[in-house]
Amino acid sequence: MAEKSPQELLQIDYRPPRRDWMDPSIDFEARRGTWSYPAAPKNLEYLGFPNPREWSPTDEDWKLPDNWQEIIHQGLKDRLERFRSLKVFMDICVRCGACADKCHFFIGSGDPKNMPVLRAELLRSIYRRDFTTTGKILGRLAGGRELTAEVLKEWYYYFYQCTECRRCSVFCPYGIDTAEITMIARELLNLVGLNINWVMEPVANCDRTGNHLGIQPHTFKDNIEFLCDELADITGIKISPSINRKGAEVLFIVPSADYFADPGIFTFMGYLLLFEHIGLDYTLSAYASEGGNFGLFTSHETIKRLNYKMYAEAKRLGVRWILGGECGHMWRVVHQYMDTLNGPADFLEVPRSPVTGTVFENAASTKMTHICEFTADLIANGKLRLDPSRNDHRRVTFHDSCNPARAMGILEEPRHILRTVCNNFFEMPDNTIREQTFCCGGGAGLGNDENMEMRLRGGLPRANAVKFVHERHGVNLLTCICAIDRATLPPLVEYWVPGVEVSGVHELVGNALVMDGETRRTTDLRGEPLEGVADEPSPEAEEASHV
Amino acid sequence: MPTFTYGDLSIEVDEDGFMQEPEQWNEEVAKALATTEGVDELTDEHWKVVNYLREYYLQFGVAPMIRKLCKETGFNLKKIYELFPSGPAKGACKVAGLPKPTGCV
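Here the protein sequences come in this chain order: A and B.
Residues in the first sequence are numbered from 3 upward in steps of one, following this note's numbering.
Residues in the second sequence are numbered from 4 upward in steps of one, following this note's numbering.
I should point out that these hints are in silico values taken from the structure, not numbers from a laboratory.
Be careful, since some hints might not be right.
Pairs of lysine-lysine residues, derived as DSS-like cross-links and limited to a Cα-Cα distance of at most 25 angstroms, are as follows [as the list claims (entries may be wrong)]:
| id | chain 1 | residue 1 | chain 2 | residue 2 |
| --- | --- | --- | --- | --- |
| 1 | B | 93 | B | 51 |
| 2 | A | 79 | A | 138 |
| 3 | B | 93 | B | 74 |
| 4 | A | 223 | B | 74 |
| 5 | A | 223 | A | 317 |
| 6 | B | 71 | B | 93 |
| 7 | A | 6 | A | 469 |
| 8 | A | 240 | B | 71 |
| 9 | A | 385 | A | 240 |
| 10 | A | 65 | A | 89 |
| 11 | B | 81 | B | 93 |
| 12 | B | 34 | B | 71 |
| 13 | B | 93 | A | 6 |
| 14 | B | 81 | B | 71 |
| 15 | B | 74 | A | 240 |
| 16 | A | 223 | B | 71 |
| 17 | B | 93 | A | 44 |
| 18 | A | 240 | A | 223 |
The following residues of chain A were derived to be distant from chain B, with all beta-carbon distances above 10 angstroms [as the list claims (entries may be wrong)]:
| id | residue |
| --- | --- |
| 19 | 132 |
| 20 | 433 |
| 21 | 501 |
Built from N, CA and C at the ideal position, the CB exists for glycine as well.
Let's have the full structure, built from the sequences with the hints guiding it.
Right, here's the structure in full:
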């Protein structure tokens, strides 16, 4: 946890510094807590990425290749030719400032270089000088800058201080996708070996074992079996999901944290109860064992390299379609990049619910349906037996996870589910939810401990909205549909709004589902006593509530 | 690469003090690493946690789920925090010489 108190962090100075923004100088030592550690050389070596070495941002010499300026220049030239969107985003911004105060990092830090417009200018100024006529002739007068080592260090600081959440893009009158500017800047940084370990270790692990955590098949199986034992203790229902089973109708893919870390494991239990409830013919895969794709935070080539496994595995197993769990940025990859990178997935069928017959035409190209769409459809067709009173100990709000909300439009489905499976649901203020949702502050690979001060600053607008419903409605549970959220929101709310816990949506589904043959539930999936039955715990519940 | 030294002992660690080469772990290393976690003496209860983590890691290649750690050792989370003030992942795993988990965790 950060060393500074909330009162200290709230002393935010929005006055811009006197120094000309064009002359950067970042004191990394003084700014500890707001940047991430560089990638360990072993991870870059494993992936075949350039310039693996030991270094620290606090070093004077970053051990760059001798011709690093040429590499970046050529890299930018290539990308301007490949991506027309990048060229448009570089040229079209009129610096109107509509985005300026929309970034959670600007709101929480007051640093003007966290205004999306100025963050983009860090790259755009180089583009102007090197690739536009006026910039070549007039230089600084036309907003052009020379690419110096200090500028590159500034890129490292600010492009790894953007969570690619795209809230600013919602407000841009030209629709500039500022996350794509960050993505390109990170691609360029990667060309000279400037990357962060919290991104590159998951990428290397994912490439090697299929998931961020480096979980091997025997461990995958052991983790799943343990969670099934827990479920049996709580519900009396013994579930044995299949792994790597050929011929299943559906391949189900989740973020790896859902079968490893609290509170994601309770969401995972919810998925398993749901599938048992409806008798879904599905399989898990120990290879396609990660929905998340940290390639999105690295480069287009890396997105493709990691996304490939989901479809390769679907083909190998011969499933009809893919169901995806409560993962965040996976859905940006699947919904907006997958088809051009790895598509077409023409060996799969358009997803069709075997229970309701609903065909998910919106997934006609990717063949992959979001579990919230799938479950909301089951509920809308009256296919689930639910007892929402089992969530009466929870007063619930919903954090729209950035990517499912803004990159995919999953807005109504989770709300429909939550209003059905629990009796106490409250919305946060309008300008903090749906398309305008505020980031958790730790996405895009920034959810590490060394960056905690920046996470707490960036998460302040979200936490502030949670505080509002906590104080007004007694909200004690913040739900979300993203594994990064489930990892980053707990320390955030512990710091700004103590008394609020974090969960996935399907954890509450699992609590409410009335299963055939189940024992009387006395606790929720976490082992916490249910309201009304707390006075008479059964022996099984006492055994299960060991944490 | 930072180096952690304690007495005659010298091991390579990452920025947060986690061992870089977990195969070089032994009980002396554990005792030395424990001092960085504010644990001056490893009691039988500490060793129960450390040994479980170590055995699990050798078999499965990662840290166990915290829920599993609690169940197998019989210690609840509060007790683990009492033993290792930084908690199971950052404290106990560091002493047991496990690498730091990364990703959506």
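Assertion that residue 501 of chain A lies farther than 10 angstroms from chain B (Cβ): Consistent with the label, residue 501 of chain A stays out of reach of chain B, its closest Cβ about 17 angstroms off (over 10 angstroms).
Satisfaction of hint between residue 71 of chain B and residue 223 of chain A, Cα-Cα up to 25 angstroms: Within the cut-off at roughly 14 angstroms; holds.
Given pair status - residue 6 of chain A, residue 93 of chain B, alpha carbons within 25 angstroms: Holds, at roughly 20 angstroms.
Proposed proximity, residue 71 of chain B with residue 240 of chain A (alpha carbon, max 25 angstroms): Measuring from Cα to Cα gives roughly 18 angstroms; hence the hint holds.
Quick one, are residue 223 of chain A and residue 317 of chain A close enough, alpha carbons at most 25 angstroms? Holds, at roughly 21 angstroms.
With the threshold set at 25 angstroms, check whether the alpha-carbon distance from residue 79 of chain A to residue 138 of chain A stays at or below it. With Cα atoms ~15 angstroms apart, residue 79 of chain A and residue 138 of chain A stay inside 25 angstroms; holds.
Is the Cβ of residue 433 of chain A farther than 10 angstroms from every Cβ of chain B? Answer for residue 433 of chain A: holds, closest chain B Cβ roughly 27 angstroms.
Starting from residue 71 of chain B, check that the Cα of residue 93 of chain B is at most 25 angstroms away, please. holds (16 angstroms)
With the threshold set at 25 angstroms, check whether the alpha-carbon distance from residue 81 of chain B to residue 71 of chain B stays at or below it. Measuring from Cα to Cα gives roughly 14 angstroms; hence the hint holds.
For residue 81 of chain B and residue 93 of chain B, compute the direct alpha-carbon distance and say whether it is at most 25 angstroms. With Cα atoms ~15 angstroms apart, residue 81 of chain B and residue 93 of chain B stay inside 25 angstroms; holds.
Pair hint outcome, residue 34 of chain B versus residue 71 of chain B [Cα-Cα no greater than 25 angstroms]: holds (24 angstroms)
Given the hint that residue 74 of chain B pairs with residue 240 of chain A, test it: the Cα-Cα distance must not exceed 25 angstroms. holds (18 angstroms)
Of the numbered hints stated above, the single one contradicted by the structure is hint 10.
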